[in-house]
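*Asks:* Now for the letters of each chain:
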Amino acid sequence: MTAALRFRNLTLGYDRHPAVHHLDGAVETGALLAVVGPNGAGKSTLFKGIVGVIKPLAGRIERGDPNPQNIAYLPQAAEIDRTFPINVYDMVAMGLWRRAGSFGGIDRASRSLIEQAIAAVGLSGFEERAIATLSGGQMQRMLFARLLLQDARVIVLDEPFNAVDAKTSADLFDLVRRWHGERRTVLTAIHDMDFVRANFPETLLLAREPVAWGRTASVLTPGNLLVARRMCEAFDQRAELCPEEQAPALAPPGEVARAGNQPVP
Amino acid sequence: MLHEIFIAPFTEFEFMRRALAGALALSLGACPIGVFLMLRRMSLVGDAMAHAILPGAAVGFLLSGLNLFAMTAGGLIAGFVVALLTGLVARTTELKEDAALATFYLLSLAVGVTIISLKGTNIDLLHVLFGNVLALDDQTLVMIAANATLTLIVLALIYRPLVIECVDPGFMRTVSRAGGPAHLAFLVLVVLNLVSGFYALGTLLAVGIMMLPAAIGRFWARDTTLMIAIATASGAASGYAGLLISFHTGVASGPAIILVAGGLYLTSLLFGRVGGLVRQAFPGRHLEA
Chain A
1067 MTAALRFRNL
1077 TLGYDRHPAV
1087 HHLDGAVETG
1097 ALLAVVGPNG
1107 AGKSTLFKGI
1117 VGVIKPLAGR
1127 IERGDPNPQN
1137 IAYLPQAAEI
1147 DRTFPINVYD
1157 MVAMGLWRRA
1167 GSFGGIDRAS
1177 RSLIEQAIAA
1187 VGLSGFEERA
1197 IATLSGGQMQ
1207 RMLFARLLLQ
1217 DARVIVLDEP
1227 FNAVDAKTSA
1237 DLFDLVRRWH
1247 GERRTVLTAI
1257 HDMDFVRANF
1267 PETLLLAREP
1277 VAWGRTASVL
1287 TPGNLLVARR
1297 MCEAFDQRAE
1307 LCPEEQAPAL
1317 APPGEVARAG
1327 NQPVP
Chain B
44 MLHEIFIAPF
54 TEFEFMRRAL
64 AGALALSLGA
74 CPIGVFLMLR
84 RMSLVGDAMA
94 HAILPGAAVG
104 FLLSGLNLFA
114 MTAGGLIAGF
124 VVALLTGLVA
134 RTTELKEDAA
144 LATFYLLSLA
154 VGVTIISLKG
164 TNIDLLHVLF
174 GNVLALDDQT
184 LVMIAANATL
194 TLIVLALIYR
204 PLVIECVDPG
214 FMRTVSRAGG
224 PAHLAFLVLV
234 VLNLVSGFYA
244 LGTLLAVGIM
254 MLPAAIGRFW
264 ARDTTLMIAI
274 ATASGAASGY
284 AGLLISFHTG
294 VASGPAIILV
304 AGGLYLTSLL
314 FGRVGGLVRQ
324 AFPGRHLEA
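Those protein sequence lines, which keep their order, are chains A and B. Take 1067 as the starting number for the first sequence in the numbering used here and just add one per residue. Take 44 as the starting number for the second sequence in the numbering used here and just add one per residue.
Read the hints as simulated data drawn from the structure, not as lab findings. Where is the CB? At the ideal position from N, CA and C, for every residue including glycine. Mixed in with the good hints, there may be bad ones.
As the list claims (entries may be wrong) - Label-pair restraints from in silico Cβ distances:
(1) A/Ala1143 with B/Ala199: 24 to 34 Å
(2) A/Asp1240 with B/Thr268: 29 to 39 Å
(3) A/Ala1143 with B/Arg322: 30 to 40 Å
(4) B/Pro224 with A/Ile1120: 20 to 30 Å
(5) A/Phe1169 with B/Ala64: 30 to 40 Å
(6) B/Ala295 with A/Asn1133: 29 to 39 Å
(7) A/Lys1121 with B/Leu309: 43 to 53 Å
(8) A/Thr1287 with B/Ala228: 49 to 59 Å
(9) A/Lys1121 with B/Asp141: 21 to 31 Å
So here's chain A without its partners, still in its complex pose (with noise of 0.2 Å):
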């Protein structure tokens, strides 16, 4: 297996504050990997650097297909002007932006693809909606079908099913399920533990530094779960400089990692 994703070793931050800290770790292609932490734990700091929209403080993200356009990204909140007149249809065909660019037409073959897309997200009829009139379900369902245009074989997904009701989480979450089964490499970020525990195999528990990484059922414990609490809870105005930039030894896949920044004594 080769890995989709591997951190070497990474500092994410603001303002130099670290926000992800000495993460290490691979994610094997085709995973379906849960990212769960408190608030402020990381999660879409280190999102944002998967898809390169912030650059790491230290370390390093080495990405399997180096084509950044082969990972596909759904920010928590998306900086859509809904204000602006574009109607749902020509929204999805957004996705089709690899295959079209700039000036490339949307050909017969596009258009149905298109269509089978607004389709899968239950939105046929929808098309010539103006996406201002779109309910947060509506919208949600609508950039998950320009995801499935892009067709990515990286998939970066922030939180997607806040403010969102259960039959289109579920919905949604098929969607999901069908990228894992084309071997495609999904990571979401998400709150809800029980879901995880339930639909997804991998779990990497964050709370600014890795607290666990591996299978669900040995990341999710209560002790974890705590000390991943208790971890989030101090940022300090008056850090100092962080002590040492060694590279902790790179936890094998599978295991549960506590790689990090152990106070040198």
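Could you slot chain B onto chain A? The hints should help.
*Replies:* Coordinates of chain B only, in the frame set by chain A:
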């Protein structure tokens, strides 16, 4: 009779034909640009850019008199510098586009006014401030037409990235690097059309032929393409009607054109199909589903 009012002024007087050609070319380029400015919530950016251009044109004027080339070059340089610096600062720092633009256009304005005050003023400068669509010479007309042509070509090239960059900049960033260049090219087009506009309408009113038709389009169309078509048509209609009014009543042509556009705008505000005030007050019975 009708012929005398609506057509004869243009068949009999060459300066009216030139003015009409200039006004039509101007609306072809400036109105689509205005629609994007409006959709990007940058409606006042045109105004700020017009201020940014003014000093450059004034410097060109002071250095070489009422010379089309020098003034255009000065205006373009000042505008491009401000547009590029704004884009760079907005993309790389915490300052948002509006704040970045405000700082640079005020600096540009201050530099320009300083230079003018050092060199002494000239009454002909009023020409630059208020423009004169009735005195377009061949050179100027060709320049306005060339700018309109270039605008339409470049807009066609960057249309898709520009639209995506407007609706969902985050998505654009993850799929392509074209968003930034498209935005910068767009800012350059804004400057180009303002320079065109200030020969016909003056620096102060050049923005009018961009923003008023765009706002009109917003009241009649729900999709971008139709909005651009409506904006361009109402810009052209304002040019034609404004010139006629100016011809028959003797009021200044630039303000007449903008006032016609303003009248169309107020009508749209009241009766527009998309969100017009009358429509909002009497929406009709609601539908079944």
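*Asks:* Could you check the structure against the hints above and give me the numbers of any it violates, in ascending order?
*Replies:* 6
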